[in-house]
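Asker: One letter stands for each residue in the lines below.
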Amino acid sequence: MSQGIEVVGIYVRDQDEALEFYVEKLGFRVHTDAKGGEFRWLTVQHPEQPSFQLGLFKPGAPLHDAATAQQLNEVVAKGAMPALVMVVNDCRGTCERLKARGVELTQEPVERYGTVDAGFRDPSGNGWKLIEARKS
Amino acid sequence: MGVDPEMLRRLLRARDRMDQASHEEWPVGRLAKLSGVSGAHFARSFKEAFGVPPHRYLLTRRIERAKAMLRETELPITEIALETGWTSLGTFGRTFRDVTGETPGAVRERARAGGDDLASVPACIVRAVHRPNLTIAVSEKRRQEADDTNGSEETEGP
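Residue numbers (my numbering), protein chains in the order written: chain A, 1 to 136; chain B, 1 to 158.
It is worth saying that the hints were derived from the structure and are not from the lab. Just to be clear, a hint being listed does not mean it is correct.
What the hints assert, rightly or not - Some but not every residue of chain A turned toward chain B, in silico, with C-beta under 10 Å:
1) T68
2) Q71
3) R101
4) L105
As the list claims (entries may be wrong) - Pairwise CB distance ranges, derived in the manner of DEER restraints:
5) A/Q70 with B/A128: 24 to 30 Å
6) B/G36 with A/R29: 30 to 36 Å
7) B/G36 with A/K99: 20 to 26 Å
8) A/R97 with B/E25: 44 to 50 Å
Claimed, not checked - Computed far set for chain A versus chain B, every beta-carbon distance over 12 Å:
9) D16
10) L54
11) A61
12) R92
Even glycine gets a Cβ: it sits at the ideal position worked out from N, Cα and C.
In isolation and in its complexed conformation, chain A is listed as follows (with noise of 0.2 Å):
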């Protein structure tokens, strides 16, 4: 595929502590880790979506005023972000791993429609859904 979304960001309080939770915990990889004075382009990569990149991004300078990055992290902590789908085969059993590694489930998995989704947050707030694929 040669067009198409590479990077969403979304936004989180502290990039070290994103970066362990997303690779340690969650099994991405780190794409780009670039730092430049006070900005960090911190960007993971699902091991199976080599093409798509999450961009893990803090607010602040020098892209924000202190107000305008206060206003952001408010609202990450609040979980008023959009949630995060995530497909995966197996719902039960990744929930399972997560909170082994000690995740913070927001929902335990439930069976609907043939299918089974769970929840969980990252540090920062934002809230993921995990989505079994329905088997064809």
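Position chain B against the provided structure of chain A, taking the given hints into account.
Answerer: Frame of chain A; chain B shown alone:
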């Protein structure tokens, strides 16, 4: 102005716990303990952060869940009332009607008749879409709708 993001994150954790078990009782003391703050501080900060007091938030989640069960299951309404945290069918029916403007039976009938256009949206998100927007206390809503004030109550809990 505003609530510190660290505090917001802890309030969110308490709110997540309510979401996970909205049928349970969630007195402010229990929630405050989860957030590591005093009860008064919790109630004030929660309202500031999420726009509604914790007990009313819980009520919206219970109604949301009851609506989902009415739409998605064949369970009798009495059972739905008990499963979503009410102790009597009467209180459930009255609160449900006060909050949504419809009876539980009407919601079920409407869902059977056709439903909405959200079939391709993840189920967990569809549920949130059906959450009632309760900007005023149920007691206030009742007062506004009542012809006389005899029936009004100060409490809105089940």
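Asker: Of the hints given before, which are not true for this structure?
Answerer: 1, 3 and 8
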